[in-house]
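S.K.: One-letter residues, chain by chain:
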Amino acid sequence: MLQCKNLTCVREERVLFNNLNFTLAPGEILQVEGPNGVGKTSLFRLLVGLSTPYEGEVHWQHQSIALDRDAYYQNMLYLGHKSGVKPELTALENLHYFHQLFNPKVEFDAWEILTLVGLAGYENVPTAQLSAGQQRRVALARMWFSDCPLWILDEPFTAIDKNGVQVIEKLLIKHAEKGGMVILTTHQDLLLPPQLYKKLTLQKPAAGEQYV
Amino acid sequence: MFNAFLQIVRKELLGAFRQQSDILNPIWFFVIVVTLFPLGIGTDPALLARIAPGIIWVAALLAALLSFERLFKDDFIDGSLEQMMLAPQPLTWLVSAKVFAHWLLTGLPILLVSPLLAVFLSLQESTFWALFLTLLIGTPILSLLGSIGVALTIGLRKGGVLLSLIMLPLSIPILIFSTMAIDAATFGQSYIGLLALLGAMLVGAITLAPFAIAASLRVSVS
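Chain order of the listed sequences is B and P.
So for the first sequence, my numbering puts the first residue at 1; every next one is plus one.
So for the second sequence, my numbering puts the first residue at 1; every next one is plus one.
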């Protein structure tokens, strides 16, 4: 279970959001919405522990993530704006690396997963030569062999075609039905079953509270 | 955990062999700087042998500085640094792997071309061995110290100058003890004590630098 307690995020003396509270329970998909610049990516970086909140805490299984990073990171998959895919390496090599570093205990067939994400035939091409959408797919392929219960996805559908979005939606539903948790941002409307699906809309702070 | 270390080294080496200019440029730079000195100051063997250790060490230092750009910068840009920081293994351990791979790609080639440069600068064999041993112990320290500087300056747009300002003063002790050891070898004295001092610095750097690198990365990336 992921909990945010009174999170406040400040960038360059400007308050992005304050006193944000939410809880993500197993089996839930949470979509974070809001206009550009409202702090969605900043929120996600706080959630994964890449930056530290101005105020408040993020808790994983009732334990602050700052106290036990390694345990949290064993249970979390984060896909950010930057894909983390090495352009010099091929799709297969990138997957192999992610697998060995993040989920070495999971058995998987890299060829099969690359076929699932629509990269059959591009396995041995350096990712730098693939299109933006294909590069994104290499990064997203990690979701297929991840055994982490918590997925934190920042704009996962950027550059992905409609068909690809449907495939990923199905995967998200499957993950939530197995008791996984997903928190994502996207500007697209998702077709997800309402019992699994929650929305959180970030809002700019009130006029008097915009600066610290 | 050792598997994660190996995987990072493997990835770094693979990436470097795909982009060979990244490995070759610092080495070319090193060789060219060293060969420029005989052209500039004349080819008197006694003079060259006298200043050779200094030349080679300073050139190695500058070549190392040149190679640091690619240590974390590319990873920072494409997001793999972020991912490495979110891996379930301790970050200190993973950055050690990065630094080790960096040494394999920059320190080791310098060691390999050093016999050639010894011939260029008409070094005697005993002096050459002293040079080789100091480079063997000294270049990993340079990689470790430089990585701290890179980790601190990674978020900055023009971090290169700042990096040299951070790193060069830190590497002065290595330069002093290395050239002292080589001088001692030239005069036929024992230099084992100086090597031991360098070794102590290396051990200190190996144990402490990864923590400093990991902490600096956490600060720079946030």
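Check before you lean on any hint, since a few could be wrong.
Said to hold, decoys possible - Lysine to aspartate or glutamate pairs mimicking DMTMM-like chemistry, simulated, CA-CA at most 20 Å apart: (1) Lys199/B x Glu13/B; (2) Lys198/B x Glu155/B; (3) Lys82/B x Asp74/P; (4) Lys204/B x Glu13/B; (5) Lys82/B x Asp78/P; (6) Lys105/B x Glu155/B; (7) Lys73/P x Glu88/B; (8) Lys170/B x Asp147/B; (9) Lys199/B x Glu209/B.
As the list claims (entries may be wrong) - Here are the computed distance ranges between Cβ atoms for each label pair: (10) Ile206/P x Leu67/B: 47 to 53 Å; (11) Lys174/B x Thr207/P: 42 to 48 Å; (12) Arg18/P x Glu13/B: 40 to 46 Å; (13) Thr35/P x Glu13/B: 49 to 55 Å; (14) Asp68/B x Leu208/P: 38 to 44 Å; (15) Arg11/B x Ile172/P: 36 to 42 Å; (16) Asn6/B x Phe132/P: 58 to 64 Å; (17) Asp68/B x Val58/P: 28 to 34 Å; (18) Val58/P x Ala207/B: 27 to 33 Å.
Everything labelled a hint here was simulated from the structure, so no lab data went into it.
Don't be surprised by glycine CBs; every beta carbon is placed ideally from N, CA and C.
S.K.: Are there hints from earlier that the structure breaks, and if so, what are their numbers?
M.R.: 1, 6, 9, 10, 14, 17 and 18
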